[in-house]
Amino acid sequence: NAGVTQTPKFQVLKTGQSMTLQCAQDMNHEYMSWYRQDPGMGLRLIHYSVGAGITDQGEVPNGYNVSRSTTEDFPLRLLSAAPSQTSVYFCASSYSVGSYEQYFGPGTRLTVT
Amino acid sequence: GQQVMQIPQYQHVQEGEDFTTYCNSSTTLSNIQWYKQRPGGHPVFLIQLVKSGEVKKQKRLTFQFGEAKKNSSLHITATQTTDVGTYFCAGPSSNTGKLIFGQGTTLQVKP
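Chains as they are written, first to last, in the numbering used here: chain A, 1 to 113; chain B, 114 to 224.
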């Protein structure tokens, strides 16, 4: 099993550009989520999904969109990149929400200039 | 809203010294999880505690869940350079079940 994979590993965007961060898991997990990690802020939940076709907002959803057309994939779209979105983004999956071990992907380091 | 707080934010120790990080929730938790993130890496699950007063050990790491299920601690005995990283606690929101992460404690170990 590859676990949770994310692409790209690094990305530099100019303000106003859009892009999609890819996330895939091969563990048949129902729950998938996106976090951003900033110094001193821990892991903050952006969006999450409890199954294909179902998504919801987390703590910091503004400026991001998600969709979940399959169990395996959960892409994160930045609509119009801003310097405040410079961060490290982690995708995670787990069997279900809350009380189960979360498996994290390797992360995408995004810089917006 | 529900919060999970960790202290300290940073800790520098000499190799061989002990280390403890504390996690406090504003509400009672059904369980608490601990993760470790090595520098440049991603968070990796260490353990989950479920029962009030539960204590679990993994080699030199000891995890405790408070009697009131609102706090937890991670203690490392005789730190080694391989212990370097950021340790996060996380508990499920009482409203939504989503995991809420603490800010993390970053451990530096001087050889």
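Note that these hints are calculated values from the structure, not bench results. Careful: at least some of the hints might be erroneous.
Here are the in silico distance ranges between beta carbons for each label pair [stated by the list, open to error]:
| no. | chain 1 | residue 1 | chain 2 | residue 2 | range |
| --- | --- | --- | --- | --- | --- |
| 1 | B | 172 | A | 56 | 31 to 41 Å |
| 2 | B | 172 | A | 5 | 26 to 36 Å |
| 3 | A | 12 | B | 125 | 10 to 20 Å |
| 4 | B | 141 | A | 83 | 32 to 42 Å |
| 5 | B | 171 | A | 70 | 28 to 38 Å |
Here are the simulated lysine to aspartate or glutamate pairs, EDC-like style, with alpha carbons at most 16 Å apart [said to hold, decoys possible]:
| no. | chain 1 | residue 1 | chain 2 | residue 2 |
| --- | --- | --- | --- | --- |
| 6 | B | 223 | B | 196 |
| 7 | B | 211 | B | 131 |
| 8 | B | 223 | B | 128 |
| 9 | B | 149 | B | 196 |
| 10 | B | 164 | B | 180 |
| 11 | B | 172 | B | 131 |
| 12 | B | 211 | A | 101 |
| 13 | B | 183 | B | 167 |
| 14 | B | 170 | B | 131 |
| 15 | B | 169 | B | 180 |
| 16 | B | 149 | A | 56 |
| 17 | B | 223 | B | 131 |
| 18 | B | 211 | A | 26 |
| 19 | B | 211 | A | 72 |
| 20 | B | 211 | A | 73 |
One side only, chain A facing chain B, incomplete, derived with CB under 8 Å [unchecked claim]:
| no. | residue |
| --- | --- |
| 21 | 40 |
| 22 | 51 |
| 23 | 90 |
| 24 | 97 |
Glycine included, C-beta positions come from ideal geometry on N, C-alpha and C.
Verification of the supplied hints:
no. : hint                     : in the structure
1   : B:172 - A:56: 31 to 41 Å : holds, 38 Å
2   : B:172 - A:5: 26 to 36 Å  : holds, 30 Å
3   : A:12 - B:125: 10 to 20 Å : violated, 32 Å
4   : B:141 - A:83: 32 to 42 Å : holds, 39 Å
5   : B:171 - A:70: 28 to 38 Å : holds, 35 Å
6   : B:223 - B:196            : holds, 11 Å
7   : B:211 - B:131            : violated, 32 Å
8   : B:223 - B:128            : holds, 6 Å
9   : B:149 - B:196            : holds, 9 Å
10  : B:164 - B:180            : holds, 8 Å
11  : B:172 - B:131            : holds, 13 Å
12  : B:211 - A:101            : holds, 12 Å
13  : B:183 - B:167            : holds, 12 Å
14  : B:170 - B:131            : holds, 15 Å
15  : B:169 - B:180            : holds, 14 Å
16  : B:149 - A:56             : violated, 27 Å
17  : B:223 - B:131            : holds, 12 Å
18  : B:211 - A:26             : violated, 21 Å
19  : B:211 - A:72             : violated, 20 Å
20  : B:211 - A:73             : violated, 19 Å
21  : 40                       : holds, 6 Å
22  : 51                       : violated, 14 Å
23  : 90                       : holds, 6 Å
24  : 97                       : holds, 5 Å
The structure does not agree with the numbered hints 3, 7, 16, 18, 19, 20 and 22 stated previously, though it agrees with the rest.
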